[in-house]
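Enquirer: Spelled out, the chains give:
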Amino acid sequence: MGITFRKETFRDDYTFRNSPEHIRRFPFPFNEDAYMYAVNIEPHVVGPKGSVLENLIDVDEHYVAEMQDRALVLAEDPLRCQSLPHMTLAGWDLLELLMEQQALGYPEHFTLERDGDRWRWINRPLGIDDTFTFGDTSTLPYGPMEYITRQSQGDFCILDQRDGNLWMDAGMVTTQADWSLDFDIGMNFFEWHAPVPLAHEKGIFTRALKFLTNIQQGKPARRLNWTMTINPRLDTSPENYHKWGPDRATVTPENVGEKVHLRVELQSFWRLPRSNAIVFPIRCYLIKMDELVTQPKWARRLHRVIRDLPEELATYKGLTRYRPTLVEWLSKLDDGSPTSPGFGPD
Amino acid sequence: MSTGTTKLDVVVSDVVPVNDLVTRFHFRRRDGELLPTFSGGAHVVVEMRDSDRTRLNPYSLMGSPLDTREYTISVRRDDVGRGGSLFMHRQVKPGLEMVISYPVNLFSLDLRAKKHLMLAGGIGITPFMAQTSQLAAAGGNFELHYTCRTASLGTYADVLQQRYGSRVKLYHDDREERIDLDRLLSSQPLGTHLYVCGPAGMINWVRDRAAALGWPSETVHFEHFAAPQPGAPFDVTLAVSGKTIRVGEQQSLLEAMEAAGVDPPYLCRGGVCGQCETNVISSDGKFIHNDHWLSEEDHRSGCKIMPCVSRFDGKSLVLER
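Just so you know, the protein sequences line up as chains C and D, in that order. Residue numbering for the first sequence follows this note's numbering, beginning at 7 and increasing consecutively. Residue numbering for the second sequence follows this note's numbering, beginning at 941 and increasing consecutively.
Some clues are possibly wrong.
Incomplete in silico selection of chain D near chain C, CB under 10 Å [unchecked claim]:
no. : residue
1   : G981
2   : S1048
3   : L1049
4   : A1076
5   : A1151
6   : A1152
7   : W1155
8   : E1158
9   : C1213
10  : N1219
11  : S1223
Some chain D residues flagged as far from chain C (calculated, every beta-carbon gap over 10 Å) [to be verified]:
no. : residue
12  : P976
13  : L1093
14  : K1255
Treat the hints as calculated values from the structure; they're not laboratory data. Nothing here was measured: the structure is a model prediction, and the numbers come from that model. Just so you know, even glycine gets a beta-carbon here, dropped at the ideal spot from N, CA and C.
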């Protein structure tokens, strides 16, 4: 049967919507009524059917529209995709991983045929049928990382591992929450996390780096992160701040439900076999408040989380301007009754 | 979340004596599928069921990373070691079913290097077998300097010279051939990375000379698996699990914990990866630190121990395990 891919936009007229099934599978990131940083890392193993974890690389109804949006971003700004010269091998590793996972999870949409290093890749939703030589960049229209990440939802950072640190040496980043690959390229783990408040004092990054450098092949890990975005815009980059930053001043009590979106990142971490690098897919899920509050538990809990969020975090996540309006709007949906444990809707 | 690696069920597909001391073992997956791809420099931990005890020894993968139909390791027989190599040489025959870990790479190539300068001593040649295969296939620039005791004990020297010709330079101890290390290290082009694998003395010598000649530490890579050293037995209290155990003469502290059903995470079992780092709650005695993971300050403080290779001599030791 397969997925029915939506025709929708993440800019201009913003026709992005979640179907009722996709609302229920939304990866709501709060398992209790308050939020603080934690190294909330767990093994990235297959989860329940009908959840975003049903496959380790998730493809959903927004796939085609997201890939079209990525192509638009890249046409305007090719530096969203960069790979330092020593990262080509890691790009091939990533190509193999994403082709394998997408073909495994969605055989009706993707097929990978291999005959030695002669590979054929069929991507039906995007109308692609390419035969190429694995390892020979001249047989693909783009470098291996760019080729496959133009066909895979989410941003991808490839981190080279050396000197006991991780280095942001390649990536495809077009759906980011206000950070820039072009700025971070070549930085190490501590350098690119420097702007994050509170977590340094808690020693979180030192522990996280130790964990990540020990990620083993065949044992990926994951965590959720979140922020909020006004309008369903995937490309909230610093480069385009002038296009989306001012939107934060447009939130009114009347348009909260339509304009304010919870933005959740499913981040996973995989050891790549040939290059010994780590790939860090950052998959962005958006849901507007009107959709989210169709699940009463989520409405109550989100109210409490946003209301009680420490000021530094609210500032870092860019919520300051519209937080009072949002909290007021959500408060009407919170009768004060308890919420059930766990992430999922009731 | 627990760390460590996934296991692979394999069968020994071939056992090939290479010379008087070294034997090569080939593994294939029991289900006939391909093995996981790996990168040059990776090792696997081989589980040996030796009557009532399980030995877990790391060995570098030496085949080409491009061929994952089988993995190959080479084991040098150590007649006075703790018995793992003797088990491999005497007990492991074609057809034996074994369990090995997924590959782990703690001796990775730095792919930014303009040139890879490799120094091997003895059985330390094995990770370079895989790394040279990987680099040669990608047109990489490398040069290998290999020291062995005699020509007949120059494991794979012939294969390497056949494959790579003048890129491989041999030095035989019995002919008193020595690497002119200072000259070699002083004549490398900018952007060269140095890799060394061999006996501890050789690694220390190369690292010291490289540092003295101004090589940045980021460009000097070494593989230093210390096999656990035997020593006098000692008793340990494991506070978290509420057990008191005795570490035998031929046993490592990590092995003694495992035998008691306590399973700290591990990757290398050689004092390098840091996984099994354990906090000391109290101690009365002297630590015998043999690892390359903890800082000198950690060693002096007596607050941490690496149970894979380090020991203790004294009245009491209580660990947070």
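Enquirer: Check each numbered hint against the structure and report the violated ones by number, ascending.
Expert: 4, 5, 6, 7, 10, 11, 12
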